[in-house]
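> Construct all of the structure, not just a fragment, from the sequences and the given hints.
Quick note, the sequences are listed as chains A and B, same order.
Residue numbers for the first sequence follow the numbering used here, so the first one is 1 and each next one is one higher.
Residue numbers for the second sequence follow the numbering used here, so the first one is 237 and each next one is one higher.
Derived by calculation from the structure, the hints in this document are not laboratory data.
Hints are not guaranteed to be accurate.
Within a straight-line C-alpha distance of at most 25 Å, the following computed DSS-like cross-link-like pairs (lysine-lysine) qualify [stated by the list, open to error]:
hint : chain 1 : residue 1 : chain 2 : residue 2
1    : A       : K133      : A       : K72
2    : A       : K177      : A       : K47
3    : A       : K32       : A       : K134
4    : A       : K116      : A       : K155
5    : B       : K566      : B       : K470
6    : B       : K673      : A       : K32
7    : B       : K566      : B       : K596
8    : B       : K488      : B       : K501
9    : B       : K470      : A       : K144
10   : B       : K709      : A       : K133
11   : A       : K155      : A       : K213
12   : A       : K124      : A       : K144
13   : B       : K709      : A       : K134
14   : A       : K177      : A       : K133
15   : A       : K215      : A       : K134
16   : B       : K709      : A       : K32
17   : B       : K673      : B       : K722
18   : B       : K762      : B       : K605
19   : A       : K144      : A       : K45
20   : A       : K142      : B       : K488
21   : B       : K573      : A       : K142
22   : A       : K72       : A       : K155
23   : A       : K142      : B       : K605
24   : A       : K105      : A       : K72
Distance windows between CB atoms, simulated [to be verified]:
hint : chain 1 : residue 1 : chain 2 : residue 2 : range
25   : B       : I681      : A       : E38       : 16 to 22 Å
26   : B       : I681      : A       : L100      : 26 to 32 Å
27   : A       : E123      : B       : D663      : 52 to 58 Å
28   : B       : L752      : A       : K72       : 53 to 59 Å
Quick reminder that beta carbons are idealized off the backbone N, C-alpha and C, glycines included.
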Amino acid sequence: MIRALIVDDEVHSRDELEAMLIETGEFVISGKCANALEAIQAIKKEKPDVLFLDVQMPVVNGFELLSMIDEKLMPNVVFVTAYDEYALKAFEENTLDYLLKPVEKGRLDKTVLKLKRMLNEQEKPIYAGLNIKKIPCILSSKIKLINAADVEYVKSNKAGVYVICPGGEFFTDLTLKVLEDRTDLVRCHKQFLVNIDHVDEIIFRENMLAEIKTKSGCHVPVSRRHLKILRERLNF
Amino acid sequence: MELLFRLIQAMSVFLVVAYLYCKSPWFKPLTTDSLRTRDKIYLYFFFSAISIMGTYLGIPIQDAIANTRAIGPVLAGIIGGPILGTAVGLTGGLHRYFLGGFTAFSCGLSTTVEGTIGGLVHLYLRRTNKTDLVFSPKVAFITTFFAEMVQMAIILLVSRPYADALALVKVIAIPMILSSSVGTALFMSIGRDQKNVYERVAAISSAKAFKIAERTLNFLGRGINRETAVDLAKIIHEETGVGAVAITDREKVMAFIGHGSDHHKPGGPIVSPLTKTAIAENKVIFADGERERYICPLSNACPLNSVLVVPLHIDNDVIGTIKLYEPKNKQFLNMNKTLGEGITNLLSNQLLLSRYERQKNLLVQTELKLLQAQINPHFLFNSLNTIISITRNNAARARELLTHLSNFFRKNLKRGNELSTLEEELDQVNSYLQIEKARFDDRLIIRMDIDPSLLKLKVPTFTLQPLIENAIKHGISNMLEQGTAKIHAYREDGLAFIEIEDNAGSFRENAANDGLGIKIVDRRIKSLFGNEFGTTVTCVPDEMTRVTIRIPLEAHKT
Numbered sequence: 001m002i003r004a005l006i007v008d009d010e011v012h013s014r015d016e017l018e019a020m021l022i023e024t025g026e027f028v029i030s031g032k033c034a035n036a037l038e039a040i041q042a043i044k045k046e047k048p049d050v051l052f053l054d055v056q057m058p059v060v061n062g063f064e065l066l067s068m069i070d071e072k073l074m075p076n077v078v079f080v081t082a083y084d085e086y087a088l089k090a091f092e093e094n095t096l097d098y099l100l101k102p103v104e105k106g107r108l109d110k111t112v113l114k115l116k117r118m119l120n121e122q123e124k125p126i127y128a129g130l131n132i133k134k135i136p137c138i139l140s141s142k143i144k145l146i147n148a149a150d151v152e153y154v155k156s157n158k159a160g161v162y163v164i165c166p167g168g169e170f171f172t173d174l175t176l177k178v179l180e181d182r183t184d185l186v187r188c189h190k191q192f193l194v195n196i197d198h199v200d201e202i203i204f205r206e207n208m209l210a211e212i213k214t215k216s217g218c219h220v221p222v223s224r225r226h227l228k229i230l231r232e233r234l235n236f
Numbered sequence: 237m238e239l240l241f242r243l244i245q246a247m248s249v250f251l252v253v254a255y256l257y258c259k260s261p262w263f264k265p266l267t268t269d270s271l272r273t274r275d276k277i278y279l280y281f282f283f284s285a286i287s288i289m290g291t292y293l294g295i296p297i298q299d300a301i302a303n304t305r306a307i308g309p310v311l312a313g314i315i316g317g318p319i320l321g322t323a324v325g326l327t328g329g330l331h332r333y334f335l336g337g338f339t340a341f342s343c344g345l346s347t348t349v350e351g352t353i354g355g356l357v358h359l360y361l362r363r364t365n366k367t368d369l370v371f372s373p374k375v376a377f378i379t380t381f382f383a384e385m386v387q388m389a390i391i392l393l394v395s396r397p398y399a400d401a402l403a404l405v406k407v408i409a410i411p412m413i414l415s416s417s418v419g420t421a422l423f424m425s426i427g428r429d430q431k432n433v434y435e436r437v438a439a440i441s442s443a444k445a446f447k448i449a450e451r452t453l454n455f456l457g458r459g460i461n462r463e464t465a466v467d468l469a470k471i472i473h474e475e476t477g478v479g480a481v482a483i484t485d486r487e488k489v490m491a492f493i494g495h496g497s498d499h500h501k502p503g504g505p506i507v508s509p510l511t512k513t514a515i516a517e518n519k520v521i522f523a524d525g526e527r528e529r530y531i532c533p534l535s536n537a538c539p540l541n542s543v544l545v546v547p548l549h550i551d552n553d554v555i556g557t558i559k560l561y562e563p564k565n566k567q568f569l570n571m572n573k574t575l576g577e578g579i580t581n582l583l584s585n586q587l588l589l590s591r592y593e594r595q596k597n598l599l600v601q602t603e604l605k606l607l608q609a610q611i612n613p614h615f616l617f618n619s620l621n622t623i624i625s626i627t628r629n630n631a632a633r634a635r636e637l638l639t640h641l642s643n644f645f646r647k648n649l650k651r652g653n654e655l656s657t658l659e660e661e662l663d664q665v666n667s668y669l670q671i672e673k674a675r676f677d678d679r680l681i682i683r684m685d686i687d688p689s690l691l692k693l694k695v696p697t698f699t700l701q702p703l704i705e706n707a708i709k710h711g712i713s714n715m716l717e718q719g720t721a722k723i724h725a726y727r728e729d730g731l732a733f734i735e736i737e738d739n740a741g742s743f744r745e746n747a748a749n750d751g752l753g754i755k756i757v758d759r760r761i762k763s764l765f766g767n768e769f770g771t772t773v774t775c776v777p778d779e780m781t782r783v784t785i786r787i788p789l790e791a792h793k794t
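Next up, the structure:
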């Protein structure tokens, strides 16, 4: 059975697709998400084989969501859209397939065949991701989008990944790897990314260690391994 | 005594001249307030001739001439000012001088002085803003009386031998002073009467023009068609009293009222070559019935003899003509000719204006249609997808939504009128919202707060729909959190207000899609109710966007 995650902002679309997928007898539904942020969490938790992803969603659309998924967890993706205009773009993204709403049974069967072949070959799906301009962060009751350019540094610990910017410290579901790959943030430590534009000074310590002081006065550690890369990057 | 009668006789000749002059076209310039140089030259020759004639009609007495020479210069002075008066006086004076006699010089000099006196009176009246007294016979009498006394004084002072001069003055003074003064006054009186006639005619024709303008203004907004053409022709026919009036477009007769309507039938093609020329060359054609006659191409028995054809045009395109006819037994009055041309120009301007208005409205309508056409397919599409899903589990709910969808589109089709009641608007909006509510489920909350006394309020059709659609499409549908759309209608300060508010706060000035619907709604309200009404947008980013519609409680179309 193929484990499928459905992501769509409209409840009836989710229900309809769920019903159709179950009718094929090939799927188990590992979850239904109403937006991109729920989806990121569900992918981490459920590690589905395939994502049925709506393009038009509030705040973070389907394409943007794709770029926020960690490569290691990247499932196969089938775009589901109401509008043809996105179909072409779906192909540019090299997704597995796309379906137009309302989904026709015959068309879905073809997608299932394709999907089964992909899963049998155990090919790792790779999608050319977009750069992330805005990082979705979770506040107690709402979602905050933080401009990647405003971020000073990012840290990760056991609790998760935190984005630090002049406005404060915000939790995000994106991984350090995703942020490193899809933004201009630079890795300076196993657990830290830094925004070069916000670096004020680099203070060298013994043992080839260093520390970055940001313009707002925060200190970010630099590991031995990453100091070299940082040097190359900054030409010093 | 005999001298006085002889002078009165001479004066009578002037009055005949004066009468003839007033009937001639050269008199016309005097009816206006300011004289042109050319008019003054005419006046100079005319009054100089009067003055010289006064000398010739005089009666020789004691080597001098008792005369009414003064009439010309004094009148010229009063009417035309000091320069004209002096010039006429000098001419009359020089002429007298060359006739000789012992008073030759004194008479020549005094005539010039009399002209100047007339001129000074003119200046005085002008300075003291009493120009209406220029044509007063009383002023003319007093001025001449005084001027002739001055003349007598000059004769006494200048002519020698003094004894002869004194004897002469004793004989001529009273007859000359009296006859000249009375003559000038009568001359002026004739002139004034004629001037009044002209003014009355002018007043009557402008009154007529205004009346026609007033009567036609109302219905010409619809442009000229068969129906309005007949009304228009009737009005012109009634007001001008001409024999017949016709209105044509570029090819056909649209209306014909008056004599000859038995064979001049509306709907028939234009046959008159005069009209064809007027249309082809965009110029006024006038056949006065004497030098050029109107010959009816349709019937030999046609009573019409003269015609004025004035092209009706919008910008520079001739769209038709207005024709005024008079029958054989009636002269085509100059007044009606002027009136006909004036009215036609007025109508042309009105038509241009109404075409401009129509096009402006058309533009707004077209924009609205465009907007409607853009939005509805997406809405229909999304609705169908929603309903397809619902059909699976809840057929009753699906049926309900399809009913709303059907209602929404029926209302859209049906509403061709400019204005709808708020109730009708809300009915359509409600169907729309029910479907969107189904689509977004608990992500969309709707609050309505409508003053029930406003349900009959007239608003431009399709006012609420685009605004609600904006609030959902560009606002709430982009929110992760729950969205609330509010519609609030209330009275305040004798006006009606309708607010449409969402809690997305995503309105951006100049954003391509957001603003357009609001702008069109605003423009339609303004064009229907006036510039003090319309929409205003308040936006607190990420908190709320509120569009406030401000309209009058009673719809008075502007």
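> Look at each hint and say if it fits the structure.
Structure-based check of all given hints:
1. A/K133 to A/K72: Measuring from Cα to Cα gives roughly 21 Å; hence the hint holds.
2. A/K177 to A/K47: holds (17 Å)
3. A/K32 to A/K134: holds (24 Å)
4. A/K116 to A/K155: Answer violated: A/K116 to A/K155 is near 39 Å, above 25 Å.
5. B/K566 to B/K470: holds (20 Å)
6. B/K673 to A/K32: Distance of about 20 Å is within 25 Å: holds.
7. B/K566 to B/K596: Not OK: B/K566 and B/K596 at ~46 Å, beyond 25 Å, violated.
8. B/K488 to B/K501: holds (10 Å)
9. B/K470 to A/K144: violated (74 Å)
10. B/K709 to A/K133: holds (23 Å)
11. A/K155 to A/K213: Holds - the C-alpha atoms of A/K213 and A/K155 are around 15 Å apart, at most 25 Å.
12. A/K124 to A/K144: violated (32 Å)
13. B/K709 to A/K134: Satisfied, since the Cα-Cα distance of roughly 22 Å is no more than 25 Å.
14. A/K177 to A/K133: holds (15 Å)
15. A/K215 to A/K134: holds (21 Å)
16. B/K709 to A/K32: Holds, because 23 Å separates the two Cα atoms, which is no more than 25 Å.
17. B/K673 to B/K722: Holds. B/K673 to B/K722 sits at ~13 Å (cutoff 25 Å).
18. B/K762 to B/K605: Holds, at roughly 18 Å.
19. A/K144 to A/K45: holds (22 Å)
20. A/K142 to B/K488: violated (73 Å)
21. B/K573 to A/K142: violated (81 Å)
22. A/K72 to A/K155: holds (20 Å)
23. A/K142 to B/K605: violated (39 Å)
24. A/K105 to A/K72: Not satisfied, since the Cα-Cα distance of roughly 31 Å exceeds 25 Å.
25. B/I681 to A/E38: 16 to 22 Å: holds (20 Å)
26. B/I681 to A/L100: 26 to 32 Å: holds (30 Å)
27. A/E123 to B/D663: 52 to 58 Å: holds (56 Å)
28. B/L752 to A/K72: 53 to 59 Å: violated (45 Å)
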